[in-house]
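J.: First to last, the sequence lines map onto chains A and U.
Using numbering that gives the first Met the number 0, you'd call the opening residue of the first sequence number 0 and step up by one each time.
Using numbering that gives the first Met the number 0, you'd call the opening residue of the second sequence number 0 and step up by one each time.
In case anyone wonders, no lab produced these hints; they're calculated from the structure.
Fair warning: this is a prediction, and the values are worked out from it, not measured in the lab.
Hints are supplied without guarantee of correctness; some may be wrong.
If several chains are the same, the list does not tell them apart, and a pair holds so long as it fits within one copy or across any two.
[As the list claims (entries may be wrong)] Computed cross-link-like contacts, DSBU-like style, restricted to lysine-lysine with a CA-CA straight-line distance of at most 35 Å: (1) K75 to K125; (2) K102 to K125; (3) K137 to K92; (4) K137 to K108; (5) K92 to K125; (6) K48 to K90; (7) K137 to K90; (8) K102 to K65.
There are 2 protein chains.
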Amino acid sequence: MVRSVELNEYEREWEELAATSAILRRAREVELSRAGLSVSQAGVLYFLKTSKVPLTPMKLSRLMHKQPHSVSGLVKRMETDGLVETRRDLKRKNWVRVSLTRKGEEAFKRQLTEWDVRNITACLSKSERESLIAAIRKLRARAIELLRQLRPTPYDELPV
Amino acid sequence: MVRSVELNEYEREWEELAATSAILRRAREVELSRAGLSVSQAGVLYFLKTSKVPLTPMKLSRLMHKQPHSVSGLVKRMETDGLVETRRDLKRKNWVRVSLTRKGEEAFKRQLTEWDVRNITACLSKSERESLIAAIRKLRARAIELLRQLRPTPYDELPV
């Protein structure tokens, strides 16, 4: 039953990309845990801190490229922890607006001091960084194109 | 309370890397869902299929750069689904050996036919791919070095 599995060159590259992304994420997780935060929590704090428009859980899920239901759960747990607060929008009653609390602001500042992994591209030369960023932008554009082909309609699944 | 958050060039690159990796993962998730599998399940099937040595949940967790407890849970759920089976090692009673079932073999073959995202680097030129892979290998090496600094001892946390 078992036969050898030959990966083509692209598939080997995919495995390298996936492994690298898992290791980078793990390293960032360990780094952030020193500030008492998870990667997802830090993501929510970052978007709330930098967004120029009010954010709903749905908008957050698009920015974070995550499923709406998992971001809703995350926001609820962060509210329980006192990092964010939610308020019904006055005009659109079914909209919930998420904002940072003072404790969330402090957590955001604390994680800024854990930055080795976050600055990891500093280990590359200027030209290596330029090629890397150019390549991942092409990959991202292609992935978005494939996502639209795979799931042509559901509005809540597509990255913005 | 709110002040502007200036990211440096490395941090902006980190955000691009993180966003790209989330989109690629999401695209692969959607692609794999057509074969009825999650990314993690496909990872387990892949390592079981290609490993030259017997795998325990602990070994799988190192290969997948995930926490041992989450891989144990994943393996248990896959056993319930009939994709893998576990057996106590005859010599080392506290070792559990994981292997593919016939249904797992079939699922592995089925996901091989969903390959657009998995072959995504085909959208790059040969030289773009070479620079990309060279850069991510350096990032991976640096991330492993940082992980060892951040967590110098716990043997079950380090990537192999």
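J.: Hint by hint, say whether it matches the structure.
T.: So, going through the hints one by one against the coordinates:
In this assembly of identical chains, K75 and K125 lie within 35 Å of each other by CA distance neither inside one copy nor across copies; the values are 41 Å within and 46 Å between. Taking identical chains as interchangeable, the C-alpha atoms of K102 and K125 are never at most 35 Å apart, the minima being 37 Å within one chain and 49 Å between chains. When the C-alpha separation of K137 and K92 is checked against a cutoff of 35 Å, the pair qualifies neither within a copy, at 40 Å, nor between copies, at 50 Å. Taking the shortest alpha-carbon separations for K137 and K108, both the intra-copy value of 32 Å and the inter-copy value of 29 Å come in at or below 35 Å.
In this homomeric assembly, K92 and K125 never come within 35 Å of each other (Cα to Cα): the closest approach is 49 Å inside a single copy and 53 Å across copies. In this assembly of identical chains, K48 and K90 lie within 35 Å of each other by CA distance solely inside one copy; the values are 23 Å within and 55 Å between copies. With identical chains, the CA atoms of K137 and K90 are never at most 35 Å apart, being 40 Å at best within one copy and 50 Å at best between copies. Within a single copy, K102 and K65 get their C-alpha atoms as close as 24 Å, and across copies as close as 30 Å, so both meet the 35 Å cut-off.
In this structure, the hints that do not hold are numbers 1, 2, 3, 5, 7, in rising order.
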